[in-house]
Amino acid sequence: MPELIRCVDELPRVPTVVDLHWSAMVAARGHTTDTELLAVLLLSAARAGADVVPSAERLLADAEPRVWLSLDRSIRRAWDRASDWSASVADQLSDKPLELVLVACHPDGRVREAAVDRLVGLSHLFVPPVLALRAADWVPEVRDRARRACARLLETGRGTAALAPVAKALRYRRDGGWLAARLTGTGADTPR
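Heads up: the sequence shown at position 95 corresponds to 77 in my numbering, and the numbers run straight through without jumps.
Fair warning: there could be bad hints in the mix.
[Said to hold, decoys possible] Taking lysine to any residue pairs in the SDA-like style, the calculated list, with each CA pair at most 25 Å apart, reads:
hint, residue 1, residue 2
1, 78, 99
2, 150, 133
3, 78, 143
4, 150, 103
5, 78, 58
6, 150, 91
7, 78, 133
8, 150, 43
9, 78, 105
10, 150, 16
11, 150, 137
12, 78, 104
13, 78, 157
14, 150, 40
15, 150, 121
16, 150, 63
17, 150, 66
18, 150, 107
19, 78, 18
20, 78, 63
21, 78, 102
22, 78, 89
23, 78, 107
24, 78, 66
25, 150, 15
26, 150, 11
27, 78, 95
28, 150, 55
29, 78, 55
30, 150, 122
31, 150, 95
32, 150, 48
33, 78, 106
34, 150, 165
35, 78, 123
Just so you know, the hints here were simulated from the structure itself, not pulled from any lab data.
Required output: the full structure, derived from the provided sequences and hints.
Here it is in structure tokens:
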């Protein structure tokens, strides 16, 4: 992979489509360091509003559940490399879908909660997996909002196929069984 130089914040230069696809292919192997590189590249692309954003969005739409689980942790850590952006993101939350998905993995629960609110109603294929992740969030306010959003997707039938793989991968995580149980019809009620 080409050396990543010219930093914005402490993020690498805007990745190329080849950079993103190479990183996603390597991240699919399941190594944490590979997923961390993908997380940093996604943040860099989103931050710059680059031409590669559609490719990044397609990449996330096609990501396997284990990549999503690993990306959740990796994106949270990657926000440290974008400290200026991270500090301002809560006050200036974007409406751009890729940014919102990345912000939904922010270290601050209030920021994740705000991102979940904005993600509700977006029809992009990469939105349901991050809502599934947040439905198992350790912060009750984030978790409850995401569960309501997931329940709405299930009621409409639009999200079942997109939610199911990540829900299955999350089922053994603390607070992660709710969505899998809902998908099998054995789940508890949705938070109000």
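Results for each hint:
Between residue 78 and residue 99, the direct Cα distance comes to roughly 13 Å. Compliance with the 25 Å bound is thereby established for this hinted pair. Restraint check for residue 150 and residue 133: the C-alpha separation of about 16 Å stays at or below 25 Å, so the hint holds. With a C-alpha separation of about 23 Å, the suggested pairing of residue 78 with residue 143 holds against the 25 Å cut-off. Straight-line distance between C-alpha atoms of residue 150 and residue 103 comes to about 23 Å, which keeps the hinted pair within the 25 Å bound.
The straight-line distance between the Cα atoms of residue 78 and residue 58 is roughly 18 Å, inside the 25 Å bound, and the hint therefore holds. For a cut-off of 25 Å, the pair hint linking residue 150 to residue 91 stands: about 23 Å separates their Cα positions. Straight-line distance between C-alpha atoms of residue 78 and residue 133 comes to about 23 Å, which keeps the hinted pair within the 25 Å bound. Taking the CA atoms of residue 150 and residue 43, the gap is near 17 Å; set against the 25 Å cutoff, the hint holds.
Of the supplied pair hints, the one linking residue 78 and residue 105 holds, its CA atoms being roughly 12 Å apart against a limit of 25 Å. Restraint check for residue 150 and residue 16: satisfied, since their Cα atoms lie roughly 23 Å apart, inside the 25 Å limit. Of the pairs offered as hints, the one joining residue 150 and residue 137 holds, with about 18 Å between alpha carbons and a cut-off of 25 Å not exceeded. Between the alpha carbons of residue 78 and residue 104 the distance comes to roughly 10 Å, so the proposed pair stays at or under 25 Å and holds.
A C-alpha spacing of about 28 Å is found between residue 78 and residue 157, which places the hinted pair above 25 Å, so the restraint is violated. Only pairs whose Cα atoms come within 25 Å are accepted, and residue 150 paired with residue 40 is accepted, the gap being roughly 22 Å. With a C-alpha separation of about 20 Å, the suggested pair residue 150 and residue 121 falls inside the 25 Å cut-off, and the hint holds. Taking the CA atoms of residue 150 and residue 63, the gap is about 31 Å. The hint is violated against a cut of 25 Å.
Taking the CA atoms of residue 150 and residue 66, the gap is about 35 Å. The hint is violated against a cut of 25 Å. At roughly 17 Å between alpha-carbon atoms, residue 150 and residue 107 fall within 25 Å of each other, so this suggested pair holds. A hinted pair counts as satisfied when its Cα atoms are at most 25 Å apart, and residue 78 with residue 18 qualifies at roughly 22 Å. For the proposed pair residue 78 and residue 63, the alpha carbon gap of about 20 Å is at most 25 Å, so the pair holds.
Between residue 78 and residue 102, the direct Cα distance comes to roughly 13 Å. Compliance with the 25 Å bound is thereby established for this hinted pair. With a CA separation close to 19 Å, the supplied pair residue 78 and residue 89 stays within the 25 Å bound. A C-alpha spacing of about 14 Å is found between residue 78 and residue 107, which places the hinted pair at or below 25 Å, so the restraint holds. Between residue 78 and residue 66 the alpha-carbon distance is near 18 Å, which keeps this suggested pair within the 25 Å criterion.
Taking the CA atoms of residue 150 and residue 15, the gap is near 24 Å; set against the 25 Å cutoff, the hint holds. With a C-alpha separation of about 19 Å, the suggested pair residue 150 and residue 11 falls inside the 25 Å cut-off, and the hint holds. Straight-line distance between C-alpha atoms of residue 78 and residue 95 comes to about 16 Å, which keeps the hinted pair within the 25 Å bound. Among the hinted pairs, residue 150 with residue 55 is consistent with the structure: their alpha-carbon atoms are about 18 Å apart, no more than 25 Å.
Annotation: proposed proximity of residue 78 to residue 55 holds, straight-line Cα distance about 21 Å (limit 25 Å). A threshold of 25 Å between alpha carbons decides the hint, and for residue 150 with residue 122 the separation of about 20 Å falls inside it, so the pair holds. At most 25 Å may separate the alpha-carbon atoms for a hinted pair to count; residue 150 and residue 95 meet this at roughly 22 Å. Among the hinted pairs, residue 150 with residue 48 is consistent with the structure: their alpha-carbon atoms are about 10 Å apart, no more than 25 Å.
Between the alpha carbons of residue 78 and residue 106 the distance comes to roughly 11 Å, so the proposed pair stays at or under 25 Å and holds. Straight-line distance between C-alpha atoms of residue 150 and residue 165 comes to about 9 Å, which keeps the hinted pair within the 25 Å bound. For the suggested pair residue 78 and residue 123, the alpha carbons sit about 23 Å apart, so the restraint of at most 25 Å is met.
Consistency note: the structure conflicts with the earlier hints numbered 13, 16, 17.
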